[in-house]
Amino acid sequence: MIPVSPDITLAPAELWRILGWPMLRLLLGLAAGLLLANILEALQWTRRLARLALPLVRAAHLGETAGAAFSLAFVSPAAANGLLSEQYGRGALSGRELMLSNLFNSLPAYVVHTPTIFFLTWPVLGMPALTYVGLTLVAAMLRTGVTLWVSRRLLPPSRHNLTGTEPGSVIFGATCLQNAWKRFLRRLPRLVGFTAPMYVLMFFLQQYGWFGIAEQWLAEHMEWLAFLKPQAMGVIVLHLAAELGAALGAAGSVLQTGALSSRDVVLALMVGNILSTPMRAIRHQLPAYAGFYRPALALKLLLANQGLRAFSMTLVTVGYFCWT
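Start counting the sequence shown at 3; every next residue gets the next number (the numbering used here).
Take the hints with a grain of salt, since some may be wrong.
To be verified - Okay, the calculated beta carbon distance ranges per label pair:
1) K184 with Q209: 36 to 44 angstroms
2) V77 with P297: 25 to 33 angstroms
3) M235 with N181: 52 to 60 angstroms
If you are wondering where the hints come from, they were derived from the structure by calculation, not from laboratory data.
On a predicted model such as this, the values are computed, not experimentally measured, just so you know.
In this text, a Cβ means the ideal position worked out from N, Cα and C, and glycines have one as well.
With these hints in hand, go ahead and build the complete structure from the sequences.
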């Protein structure tokens, strides 16, 4: 199969709807996260945020920045990435600390999206939605736990004082906010300059069928999924070819007709989630990462993050399959 150009030329209004507006929302979200990270740093609130995650940060031998990013990721994963990017750019984080700090945020970054996923799955699946969301949450906890274990063995005990007992006070004032704004304006062109072209590239790769080729290849090489019922393949293929919503529609249909049990539906959604990880990461997350980090570093962080995600999801899925 060779990619071909779309059959129709997109009108300006349609191009704005499917490319311009989504890209603008992404850029605004990333910019807001970067601005928030700069403000927190300028006001010296990172230490207060770090204390919220003090036990985990100490156990992982990570420092103040990692603790602040971990706490901040419960509110805004983009702001957490912005904070890590700022500190890495200043030399306050080594490459290894940056990698581990980014992986450490797996749990809070997932918790942010948990309500959305639950309220999307519950009306369609009912009780199996609890199982599915619960399993994905366990996988996120596993990722942070594995990162803590690895970090503790790779890094020496942190030399940062995270008790908040050092002299000095939190700084407030217009000068700090002005400095944060100036740093934000210096970083903004780079964020837009890398993110926008990457997003447009991903859009046209999808429009011209390149992602479709990869998804079709995956769909045609699923013989190893023979342990699942044949009716589950439709759910998995839709998870690959579209977003979660299409897969949920198919899952709800076969669940209502009795073609698949609740266990089968959960397994199908978990497998579809795992197999769609590469395409989803490249299509949606790479442009966002490229706005905060150099392209090579962004790709490295993304591969590590998604590799650990696929591993944890696979482990949880195998455990669910064996124990139910």
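*asked:* When the structure is checked against the list of hints, which entries are broken? Sort them ascending.
replied: none
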